[in-house]
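Visitor: Chain residues, written in single-letter form:
There are 2 protein chains.
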Amino acid sequence: MNQRISVVEKILDANDQIASENRAYLEAAGVFSLNLMASPGAGKTSLIEQTIKNLSRDVRLAVVDGDIATSLDADRAAAAGARAVQINTGGDCHLDAIMLRQALGQIDLCEVELLIVENVGNLICPANFQLGTCQNVLVASTPEGADKPYKYPGVYRGVDALVINKIDLLPYLDFDMAYFRRGVQILNPGVVTFPLSCRSGEGVEAWLEWIRESIRAFRARYGSNGMAKHVRD
Amino acid sequence: MNQRISVVEKILDANDQIASENRAYLEAAGVFSLNLMASPGAGKTSLIEQTIKNLSRDVRLAVVDGDIATSLDADRAAAAGARAVQINTGGDCHLDAIMLRQALGQIDLCEVELLIVENVGNLICPANFQLGTCQNVLVASTPEGADKPYKYPGVYRGVDALVINKIDLLPYLDFDMAYFRRGVQILNPGVVTFPLSCRSGEGVEAWLEWIRESIRAFRARYGSNGMAKHVRD
Numbered sequence: 001m002n003q004r005i006s007v008v009e010k011i012l013d014a015n016d017q018i019a020s021e022n023r024a025y026l027e028a029a030g031v032f033s034l035n036l037m038a039s040p041g042a043g044k045t046s047l048i049e050q051t052i053k054n055l056s057r058d059v060r061l062a063v064v065d066g067d068i069a070t071s072l073d074a075d076r077a078a079a080a081g082a083r084a085v086q087i088n089t090g091g092d093c094h095l096d097a098i099m100l101r102q103a104l105g106q107i108d109l110c111e112v113e114l115l116i117v118e119n120v121g122n123l124i125c126p127a128n129f130q131l132g133t134c135q136n137v138l139v140a141s142t143p144e145g146a147d148k149p150y151k152y153p154g155v156y157r158g159v160d161a162l163v164i165n166k167i168d169l170l171p172y173l174d175f176d177m178a179y180f181r182r183g184v185q186i187l188n189p190g191v192v193t194f195p196l197s198c199r200s201g202e203g204v205e206a207w208l209e210w211i212r213e214s215i216r217a218f219r220a221r222y223g224s225n226g227m228a229k230h231v232r233d
Numbered sequence: 001m002n003q004r005i006s007v008v009e010k011i012l013d014a015n016d017q018i019a020s021e022n023r024a025y026l027e028a029a030g031v032f033s034l035n036l037m038a039s040p041g042a043g044k045t046s047l048i049e050q051t052i053k054n055l056s057r058d059v060r061l062a063v064v065d066g067d068i069a070t071s072l073d074a075d076r077a078a079a080a081g082a083r084a085v086q087i088n089t090g091g092d093c094h095l096d097a098i099m100l101r102q103a104l105g106q107i108d109l110c111e112v113e114l115l116i117v118e119n120v121g122n123l124i125c126p127a128n129f130q131l132g133t134c135q136n137v138l139v140a141s142t143p144e145g146a147d148k149p150y151k152y153p154g155v156y157r158g159v160d161a162l163v164i165n166k167i168d169l170l171p172y173l174d175f176d177m178a179y180f181r182r183g184v185q186i187l188n189p190g191v192v193t194f195p196l197s198c199r200s201g202e203g204v205e206a207w208l209e210w211i212r213e214s215i216r217a218f219r220a221r222y223g224s225n226g227m228a229k230h231v232r233d
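Chains A and B, in that order, give the protein sequences.
So for the first sequence, the numbering used here puts the first residue at 1; every next one is plus one.
So for the second sequence, the numbering used here puts the first residue at 1; every next one is plus one.
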């Protein structure tokens, strides 16, 4: 058992080292980046579509899409108007920093201000693998049920922002928002939260404004991408 | 890379060996068993609650509940009236045959006709680890979206039955049932399918009848559990 733990720790150490390099590379390039995590079908791709639709006039966007088998999500991001790079994990249940590094090699970062990485649909393993993005975001969804923070604490604990998608379905569900929020507060006190519906558009503006603000704060700290002056500082 | 594949293959071979032993043990004991797999929040626990509620007068039931952190699901199964054993995977994203073997040691199988194993909420890794149950069942849910068979082919390919939960939400979703079913047919032609709603109860009776029929067929092949004569042959 100790041997196994030691192997797992070495894998995670190696991943963290490459994640640090990715982070430094993205900061030097002036690219603000998000790692979106969620269970299958919570709405990562829909959120990316909404983000592209609303921000692509002001912000140059690229998407890296992790999937175990298809390019369906990258196709949707590309159709919505973003540069999209597909990572097929070949069955692996999460992205890791090496996969992101390889994907970054396929993107001209001079052309990018905002990079969104869509992780594999899974609430467990992606939480253990830092990619090197500036922020980690979890997309929860109301039909999943209000007990998810309690049952999947790792991913709730580690994120910088939480989207609660599909609030348009609340009238048709027994979703106890107070219980859900209590779980979130225990694990991640004060985390910024965006209840919204990608389908109806309700609440999406607050999410977009958070991205705009985050890009401004990122630039104030790391400088702009020389080619990218679309969001006013 | 070859070394990694070889390690993974050895782990899966060892798992399959123990799964075979679990299968033989359950067959010898006359216990029909199901492995329920699904994404987080698709409704595995709700389906188990419905099954206990409707079958526990006729069938002696036990539940083994896999979870990464809590005993919330086992508590719900116990509250619904079944013998429930909790497996905390300690962060692991799936159950394996060794975990099930350990859990079986805590159950008096003479008292059991139907064993339901609730796997960890994850559409990817559980598909790679046979547990040794008689049947594998996938619980899909309509809010997850109709593209899931295409995106998570492994789990759709390997199951003996498919539950499509939350059909009560169909009027409020853009779920393309024909597209979903086409994907299922490509991966798993003719798989028995149960569209239902654990919330409204619609469609649940067909699922229950499938379990009753499966128990009868299992007994015709492997014999009854000596202590268990509740379902008429």
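Treat the hints with care, as some may be off.
Said to hold, decoys possible - Covered stretches of chain A (in silico footprint by chain B; criterion: 3 or more residues with CB under 8 Å from a CB of chain B, positions within the stretch not fixed):
#, stretch
1, 67-77
2, 207-215
Claimed, not checked - Simulated DEER-style distance windows between Cβ atoms:
#, chain 1, residue 1, chain 2, residue 2, range
3, B, L170, A, G201, 43 to 53 Å
4, A, A28, B, M177, 47 to 57 Å
5, B, E21, A, R157, 31 to 41 Å
6, A, Y222, B, Q106, 53 to 63 Å
7, B, G90, A, I98, 44 to 54 Å
8, B, A206, A, R216, 54 to 64 Å
9, B, Y25, A, E205, 39 to 49 Å
10, B, M177, A, A206, 27 to 37 Å
11, A, D58, B, E209, 33 to 43 Å
Said to hold, decoys possible - Selected chain A positions facing chain B (Cβ under 7 Å, derived; list incomplete):
#, residue
12, A28
13, G30
14, A146
15, K151
16, Y172
Quick caveat, the hints were computed from the structure, so don't treat them as lab data.
We put the CB at the ideal spot given by N, CA and C, even for glycine.
Visitor: Check the following: the C-beta atoms of M177 (chain B) and A206 (chain A) are separated by a distance inside 27 to 37 Å.
Guide: 33 Å, holds
Visitor: Taking the Cβ atom of Y25 (chain B) and the Cβ atom of E205 (chain A), is their distance within the range 39 to 49 Å?
Guide: Given range 39 to 49 Å: violated, Cβ gap about 57 Å.
Visitor: Does the hinted range 44 to 54 Å hold for G90 (chain B) and I98 (chain A) at CB?
Guide: The hint (44 to 54 Å, Cβ to Cβ) is violated, given that G90 (chain B) and I98 (chain A) are roughly 25 Å apart.
Visitor: Would the stated hint for A146 (chain A) survive a check requiring a Cβ distance to chain B of less than 7 Å?
Guide: 9 Å, violated
Visitor: Could you check the hint for me, namely that A28 (chain A) and M177 (chain B) are 47 to 57 Å apart, CB to CB?
Guide: 48 Å, holds
Visitor: Per the hint of 53 to 63 Å, is the separation of the Cβ atoms of Y222 (chain A) and Q106 (chain B) within bounds?
Guide: 54 Å, holds
Visitor: Under the criterion of a CB-CB separation shorter than 7 Å, is G30 (chain A) in contact with chain B as hinted?
Guide: Status violated, d = 33 Å.
Visitor: Counting residues of the stretch 67-77 of chain A with a beta carbon closer than 8 Å to any beta carbon of chain B, are there 3 or more?
Guide: holds (count 6)
Visitor: So, as I understand it, the hint says K151 (chain A) touches chain B; can you test that by seeing if any CB pair is closer than 7 Å?
Guide: Given a least distance of 6 Å, the restraint on K151 (chain A) holds.
Visitor: Holds or violated: the hint that A28 (chain A) contacts chain B, with Cβ atoms closer than 7 Å.
Guide: 30 Å, violated
Visitor: Could you see if the CB distance from E21 (chain B) to R157 (chain A) stays within 31 to 41 Å?
Guide: Hint holds: Cβ distance 37 Å, inside 31 to 41 Å.
Visitor: Does the beta carbon distance between L170 (chain B) and G201 (chain A) stay inside 43 to 53 Å, or does it fall outside?
Guide: 21 Å, violated
Consistency note: the structure conflicts with the earlier hints numbered 2, 3, 7, 9, 11, 12, 13 and 14.
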